[in-house]
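Per my numbering, the sequence shown runs over residues 1 to 328.
Since the hints were derived computationally from the structure, they do not count as laboratory data.
The structure displayed is predicted, hence computed values, not measured ones.
Incorrect hints may appear among the rest.
Simulated pairs of lysine to aspartate or glutamate, EDC-like, Cα-Cα distance not exceeding 20 Å [stated by the list, open to error]: (1) Lys217 - Asp205; (2) Lys221 - Glu174; (3) Lys262 - Asp273; (4) Lys246 - Glu34.
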Amino acid sequence: MEQDTNNLLLGKEGPLVEELHRMLSNAGFPAGNEMNIFSSDTETSLRLFQESRRIEISGICDQRTWDALLEAGYRLGDRLLYFGHPMLRGEDVSELQRAMGSLGFNPGKVDGIFGPDTQNAVELFQRNSGLVVDSIFGPNCLTALKKLGNRNEQQSVAILQERERIISKTQKGEVPHIALGDLGGFLALLSESAKTLRKAHITTDVIQHYDISEHAKHCNKHSVDLYIGLYPIQKREKSISYYAAKGFESPGGASFTQFLSKELTPLFDEKIDIHGRSEQILRETRMPAVILRIGPTEDLVRIAPQLSLALKKAILTWFSNPFEEESS
Numbered sequence: 001m002e003q004d005t006n007n008l009l010l011g012k013e014g015p016l017v018e019e020l021h022r023m024l025s026n027a028g029f030p031a032g033n034e035m036n037i038f039s040s041d042t043e044t045s046l047r048l049f050q051e052s053r054r055i056e057i058s059g060i061c062d063q064r065t066w067d068a069l070l071e072a073g074y075r076l077g078d079r080l081l082y083f084g085h086p087m088l089r090g091e092d093v094s095e096l097q098r099a100m101g102s103l104g105f106n107p108g109k110v111d112g113i114f115g116p117d118t119q120n121a122v123e124l125f126q127r128n129s130g131l132v133v134d135s136i137f138g139p140n141c142l143t144a145l146k147k148l149g150n151r152n153e154q155q156s157v158a159i160l161q162e163r164e165r166i167i168s169k170t171q172k173g174e175v176p177h178i179a180l181g182d183l184g185g186f187l188a189l190l191s192e193s194a195k196t197l198r199k200a201h202i203t204t205d206v207i208q209h210y211d212i213s214e215h216a217k218h219c220n221k222h223s224v225d226l227y228i229g230l231y232p233i234q235k236r237e238k239s240i241s242y243y244a245a246k247g248f249e250s251p252g253g254a255s256f257t258q259f260l261s262k263e264l265t266p267l268f269d270e271k272i273d274i275h276g277r278s279e280q281i282l283r284e285t286r287m288p289a290v291i292l293r294i295g296p297t298e299d300l301v302r303i304a305p306q307l308s309l310a311l312k313k314a315i316l317t318w319f320s321n322p323f324e325e326e327s328s
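Taking the hints into account, I'd like the entire structure generated from these sequences.
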């Protein structure tokens with residue numbers, strides 16, 4: 001994790017730490033009695049919260065963790081939920097998405113963001129429940145939902161439909177459309193990889209932007225099939241992350257991670273870790289997405305010539321049979 005002077009960590013004191021303790025307690029992770037001191041109890045509670053939200057478990061309250069704590073303060077019914085700009089985010093939206101998905105109304109991935117897919121799911125729910133179809137989830141919708149009982153343990157229809165969408169794409173024999181995201185200053189390396197992929201008839205975009213949300217906007221706008229973000233880091237780590245949250249795991253992201261890991265493992269003398277995470281780019285993209293972390297950066301430079309070929313083989317193999325291991 002990158003250190004930031006604004007991060008809250010062990011030993012910090014003050015009103016922000018008090019607010020951190022309040023939010024942790026409201027989220028169900030109380031952190032002891034010393035409200036204005038970031039203690040070892042605070043660190044333990046924060047780690048448990050981070051684990052529950054599928055974000056990096058560091059025991060440090062960075063901006064991503066703070067945002068997750070703010071979103072955790074909302075419960076379904078606390079406010080009206082509707083599609084707008086900026087889009088509403090929160091645990092209440094995640095609750096709504098899990099409920100809609102379990103009832104067969106596809107809200108897209110359970111990402112806690114009230115986007116167009118969630119709006120469509122609410123409209124279908126209202127229409128099927130005999131309610132006014134206004135795309136707003138309010139008290140009447142909540143009452144109708146409660147009458148149906150708790151079905152959140154059922155698998156979301158969004159998982160099945162993501163699988164079907166990917167399989168349909170591969171069966172049609174369409175040209176894959178990939179986006180490579182530069183998340184750490186290796187544009188030249190990704191540009192070389194893009195050349196290799198294009199020669200293999202894989203439509204490839206290279207995205208370089210400091211704002212990760214712009215990566216997601218590009219992919220969503222251009223209906224990209226798969227996003228691969230490269231994140232060079234200084235510490236020793238080899239990992240691939242795909243999107244997962246409570247009640248949802250991206251089947252496409254999870255399966256491609258296995259294909260990519262298989263191709264990359266021979267390039268290193270160490271294990272490649274696989275994580276289901278709720279990171280920003282994984283959360284905001286509407287297609288399967290993965291983040292590849294390779295550190296230290298010298299290791300990335302060393303395998304640069306082989307990386308392009310590994311990406312090409314993983315992508316082509318995945319598109320030929322994306323759920324091969326499950327069907328064999």
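If you check each hint against the structure, which ones fail?
Failing hint: just 4.
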